[in-house]
Amino acid sequence: MKNFNDLADYSALEIEDLISLARRLDEKPEPKALEGKVLSLLFLNPSLRTLSSFQAAMVRLGGGTFVISPEMSIHGLESRSGIVMDGAAAEHIYEAIPVIASYGDAIGIRAAAKVENLQSELLDKDFNELTSLVDKPYINMESAINHPCQNLADWKTLNDLDIPSNGKFVLSWSWHPNALSLSVPSSTLQMAAMRGMDVTILRPEGFELPEGIMDRARKAAFLSGGSIQETDDRTEAMEGARVIYVNSWSSINNYGKKANEDKFKHELRDWCVDNAWFDKAADDCRFMHCLPVRRGVTVMDEVLDGPRSVVIAESRNRMLAQMAVLHRLL
Amino acid sequence: MKNFNDLADYSALEIEDLISLARRLDEKPEPKALEGKVLSLLFLNPSLRTLSSFQAAMVRLGGGTFVISPEMSIHGLESRSGIVMDGAAAEHIYEAIPVIASYGDAIGIRAAAKVENLQSELLDKDFNELTSLVDKPYINMESAINHPCQNLADWKTLNDLDIPSNGKFVLSWSWHPNALSLSVPSSTLQMAAMRGMDVTILRPEGFELPEGIMDRARKAAFLSGGSIQETDDRTEAMEGARVIYVNSWSSINNYGKKANEDKFKHELRDWCVDNAWFDKAADDCRFMHCLPVRRGVTVMDEVLDGPRSVVIAESRNRMLAQMAVLHRLL
Amino acid sequence: MKNFNDLADYSALEIEDLISLARRLDEKPEPKALEGKVLSLLFLNPSLRTLSSFQAAMVRLGGGTFVISPEMSIHGLESRSGIVMDGAAAEHIYEAIPVIASYGDAIGIRAAAKVENLQSELLDKDFNELTSLVDKPYINMESAINHPCQNLADWKTLNDLDIPSNGKFVLSWSWHPNALSLSVPSSTLQMAAMRGMDVTILRPEGFELPEGIMDRARKAAFLSGGSIQETDDRTEAMEGARVIYVNSWSSINNYGKKANEDKFKHELRDWCVDNAWFDKAADDCRFMHCLPVRRGVTVMDEVLDGPRSVVIAESRNRMLAQMAVLHRLL
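Residue numbers (my numbering), protein chains in the order written: chain A, 1 to 330; chain B, 1 to 330; chain C, 1 to 330.
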């Protein structure tokens with residue numbers, strides 16, 4: 001393994017192998033595996049799970065980390081090309097990234113979508129520019145369009161729960177006050193398709209995922225024996241569902257236009273998962289969410305606090321999945 | 001040991017045993033004891049000693065930590081029940097705490113008193129709600145009413161200095177611009193009572209500690225052969241004192257009413273320990289304070305910088321005491 | 001080695017020995033060398049390289065760190081003597097520094113120049129006051145007038161690049177919007193002089209370094225067989241140069257008077273290293289800078305991104321040089 005950027009870079013077999021390793025490291029700790037090894041962590045956006053779980057993962061393997069975020073560095077970081085830096089920013093990413101990378105054996109980078117320019121973000125241009133400055137193994141800790149650590153953790157969670165690989169997986173849009181990026185829905189769709197699941201994307205009209213994302217997922221589903229459907233009918237979607245994976249994302253047509261988006265989704269506040277919605281599925285259906293989640297907005301307490309919610313298990317699997325990735329990378 | 005929440009949960013014998021372990025770990029380091037182990041650290045209030053000493057403690061035992069504080073997490077943390085989260089906070093403690101705990105082998109939590117609601121804070125309701133979300137061993141890094149790591153460090157400091165277990169221990173109120181919580185005075189009183197000391201609470205009228213706190217301490221004193229007195233007379237209090245332990249706390253009657261409190265203590269600025277006050281005790285009397293301390297406000301430089309001040313030794317004992325607790329917990 | 005405060009405290013032989021150790025630790029890691037050891041890190045100014053490289057260095061040697069900066073501690077730190085602390089600051093450095101030091105086996109302190117009082121800063125008064133509070137080995141992570149970790153890293157970089165010890169070293173002033181301190185130019189001059197290089201200080205009139213700094217460097221050059229010249233002529237300076245080491249610093253006459261300084265250097269914006277300037281030297285001349293550097297202001301992209309720029313190597317050598325220092329100190 002050279003980098004860990006996109007789950008789609010691996011075969012289902014390779015992924016299952018990583019998950020086995022994650023499980024083994026959970027059961028049989030290896031506190032000397034990465035002795036004296038350093039993971040550089042660069043956060044261009046705030047984080048709780050990613051920040052914590054990577055630090056914990058390295059300690060468990062006997063190594064360590066350091067964290068850089070713009071608030072901590074010297075007066076913020078400039079990222080524009082060809083710029084005359086006579087403003088506040090005292091350092092350019094062109095130096096900062098190689099320097100940070102040079103202190104580690106690998107680097108994790110979080111640079112989430114700005115939700116401004118759909119075409120650029122679908123191509124992950126910003127993230128690719130950052131990683132082009134790195135000559136070490138890197139880990140995508142969430143970019144505009146990818147979140148492979150979350151995907152690997154979710155796959156493991158599905159395995160842990162014995163959700164059949166051909167079970168029905170509902171990827172559902174939910175209401176959210178902000179216009180969120182496509183990284184989780186896109187990469188989760190791909191994950192479920194690669195795992196062979198019967199995926200139903202449940203979303204109001206106007207919240208279709210980009211065609212390129214859909215195409216890639218359809219190909220993955222074809223290869224894995226899975227399938228991909230779309231609907232805006234909650235009853236239909238929930239029928240036979242083994243998992244409802246909830247997230248919010250910006251509509252493509254209003255991408256980067258917050259005022260339009262706000263207006264467009266104004267009537268959709270009932271896209272908040274409550275028991276009436278969740279109970280349309282059978283009792284063995286699980287509620288998944290990558291967190292953070294807004295209570296009373298995206299999901300009601302009754303669902304999130306219920307026995308079928310597995311969000312904490314998903315989060316813990318972030319650490320274990322990342323330990324497997326780090327073990328392979330280093 | 002399951003958790004470390006309140007010094008009163010342990011017998012004097014168990015505490016002496018922890019202190020012996022702390023001393024042994026100081027003299028004979030065990031840098032492999034907690035290899036690959038992770039302590040999660042959650043700070044809902046700022047910290048210097050606690051933050052530093054827990055990180056240092058884990059490194060010395062071969063493990064590691066990660067730190068989460070609201071400023072670093074995603075847009076702050078919500079803590080109200082049944083809330084519709086459409087404001088700034090993107091994450092609820094109901095998810096954040098279990099997630100943070102899930103990455104560690106134990107978790108330390110600091111959630112100091114808000115100094116708002118006396119009854120609720122005496123019951124440590126907020127802190128108990130937080131720990132109810134944790135299924136790992138936890139350490140109280142200061143709650144509304146407890147500060148057991150400080151208490152254990154102070155007990156060790158008293159032992160290190162050969163202060164007799166039945167020596168006179170003056171717990172004195174001091175002036176402070178803010179209305180401070182009861183955690184240090186209450187738990188320090190209990191510590192001194194459990195150690196068998198002859199405790200004198202020296203405070204202006206109106207700054208009596210709550211009856212429940214006093215009752216508990218009197219029982220502990222009865223069992224240990226110690227005693228508890230109260231006075232507002234500095235000369236009387238200092239006579240024969242082996243230790244003056246200084247702190248400030250809010251008056252019960254004005255608890256949560258800052259303006260009233262300010263008025264009430266307006267005339268008390270002379271409750272600042274200077275040589276004239278300190279010298280009322282014999283030369284072997286020690287000055288203790290948990291830090292941070294305001295110079296010229298709570299204590300004069302002449303006392304704090306004098307040879308009888310042991311505040312730095314107390315602080316160093318924080319690390320050693322915590323190493324013993326961590327060694328036992330993990 | 002007791003402390004690491006000033007490169008001038010060591011002989012060239014001792015420095016070469018440290019560099020050999022740095023190289024050995026790079027080639028043959030020693031992840032158990034500092035097992036269970038703690039380096040306290042106190043940053044009174046923001047940092048990227050220093051923060052990252054010290055944390056990484058300790059992990060690579062098997063130990064760990066904790067970081068304290070005023071933003072994280074309780075309401076900032078007071079540093080004035082004899083003060084009545086009834087403002088915002090709740091803690092004085094008189095307690096904070098000894099406490100922080102007490103948790104580590106050594107302490108690194110960054111307290112850069114305020115660029116206010118030249119005489120005081122030349123004597124490093126603030127930094128010396130801080131270290132007078134420490135009873136552990138300390139490392140100067142940049143003070144008003146010293147930056148020994150940078151100097152050691154730069155010396156190693158010169159060695160790595162096979163720059164002859166008597167090669168021509170141009171220390172050049174550059175334009176910068178802020179009035180910067182003398183720590184890097186002063187200590188870099190000393191470093192190059194001690195290494196035996198033929199140093200040319202290239203600066204506009206008015207940007208001479210203080211006489212005391214020059215004297216000390218001349219003595220070092222005399223002992224090492226090097227030399228020191230000064231000029232404001234770029235063509236003359238660059239002729240035969242093996243290195244141009246660029247930095248900005250405040251003029252002595254306007255030290256602490258920002259408005260005067262701004263006016264004084266108003267016409268000097270062309271002191272930005274571009275190809276026309278850089279190409280006055282031969283093709284084997286290297287561009288050095290301690291970073292952070294302002295693109296388009298101090299140096300043009302064409303130089304910084306060119307093959308003769310070695311700024312990233314310099315930065316990586318920070319970590320390696322510091323590993324050697326830590327190995328010796330602990």
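No lab work stands behind these hints: they were computed from the structure. There's no promise every hint is true.
Pairs count within a copy or across copies, as identical chains cannot be separated in the list.
Here are the simulated DMTMM-like pairs of lysine to aspartate or glutamate, each with C-alpha atoms no more than 25 Å apart in a straight line [stated by the list, open to error]:
1. K125 <-> D17
2. K125 <-> D6
3. K125 <-> E30
4. K263 <-> D86
5. K114 <-> E129
6. K219 <-> D9
7. K28 <-> D105
8. K257 <-> E205
9. K136 <-> E27
10. K32 <-> D105
11. K263 <-> D105
12. K257 <-> E211
13. K136 <-> D160
14. K136 <-> D301
15. K219 <-> D6
16. K258 <-> D6
17. K2 <-> D26
18. K136 <-> E30
19. K280 <-> E261
Remember, it's a predicted structure, so these values are computed and weren't measured experimentally.
Against the structure, the hints:
1. Taking the closest pair of Cα atoms, K125 and D17 never come within 25 Å of each other, the shortest separation being 30 Å inside a single copy and 45 Å across copies.
2. In this homomeric assembly, K125 and D6 come within 25 Å of each other (Cα to Cα) only inside a single copy, at 14 Å, whereas the closest approach across copies is 44 Å.
3. When the C-alpha separation of K125 and E30 is checked against a cutoff of 25 Å, the pair qualifies neither within a copy, at 37 Å, nor between copies, at 39 Å.
4. Proximity of K263 to D86 under the C-alpha cut-off of 25 Å is restricted to the inter-copy arrangement: shortest distance 16 Å between copies versus 39 Å within a copy.
5. For a Cα distance limit of 25 Å, the shortest separation of K114 from E129 inside one copy, 15 Å, qualifies, whereas the shortest one across copies, 36 Å, does not.
6. For the identical chains of this complex, K219 and D9 are intra-copy neighbours only, at 14 Å inside a copy versus 61 Å across copies, given an alpha-carbon limit of 25 Å.
7. Proximity of K28 to D105 under the C-alpha cut-off of 25 Å is found in both arrangements, the shortest distances being 24 Å within a copy and 15 Å between copies.
8. Taking CA atoms no more than 25 Å apart as the test, K257 paired with E205 passes inside one copy only; the shortest distance there is 17 Å, against 53 Å between copies.
9. Taking the closest pair of Cα atoms, K136 and E27 come within 25 Å of each other only across two copies (17 Å); inside a single copy the shortest separation is 29 Å, beyond that limit.
10. When the C-alpha separation of K32 and D105 is checked against a cutoff of 25 Å, the pair qualifies both within a copy, at 16 Å, and between copies, at 17 Å.
11. Taking the shortest Cα distances, K263 and D105 never come within 25 Å of each other, neither inside one copy (47 Å) nor across copies (46 Å).
12. In this assembly of identical chains, the alpha carbons of K257 and E211 lie at most 25 Å apart only when taken from the same copy (20 Å versus 60 Å across copies).
13. For a Cα distance limit of 25 Å, the shortest separation of K136 from D160 across copies, 21 Å, qualifies, whereas the shortest one inside one copy, 32 Å, does not.
14. For the identical chains of this complex, K136 and D301 are inter-copy neighbours only, at 23 Å across copies versus 43 Å inside a copy, given an alpha-carbon limit of 25 Å.
15. Within a single copy, K219 and D6 get their C-alpha atoms as close as 16 Å, which meets the 25 Å cut-off; across copies the closest is 59 Å, which misses it.
16. Taking the shortest alpha-carbon separations for K258 and D6, neither the intra-copy value of 28 Å nor the inter-copy value of 50 Å comes in at or below 25 Å.
17. With identical chains, the CA atoms of K2 and D26 are at most 25 Å apart both within one copy (23 Å) and between copies (22 Å).
18. Taking the closest pair of Cα atoms, K136 and E30 come within 25 Å of each other both inside a single copy (23 Å) and across two copies (21 Å).
19. Taking the shortest Cα distances, K280 and E261 never come within 25 Å of each other, neither inside one copy (29 Å) nor across copies (56 Å).
Comparing the model with each earlier hint shows violations of hints 1, 3, 11, 16 and 19; every other hint is respected.
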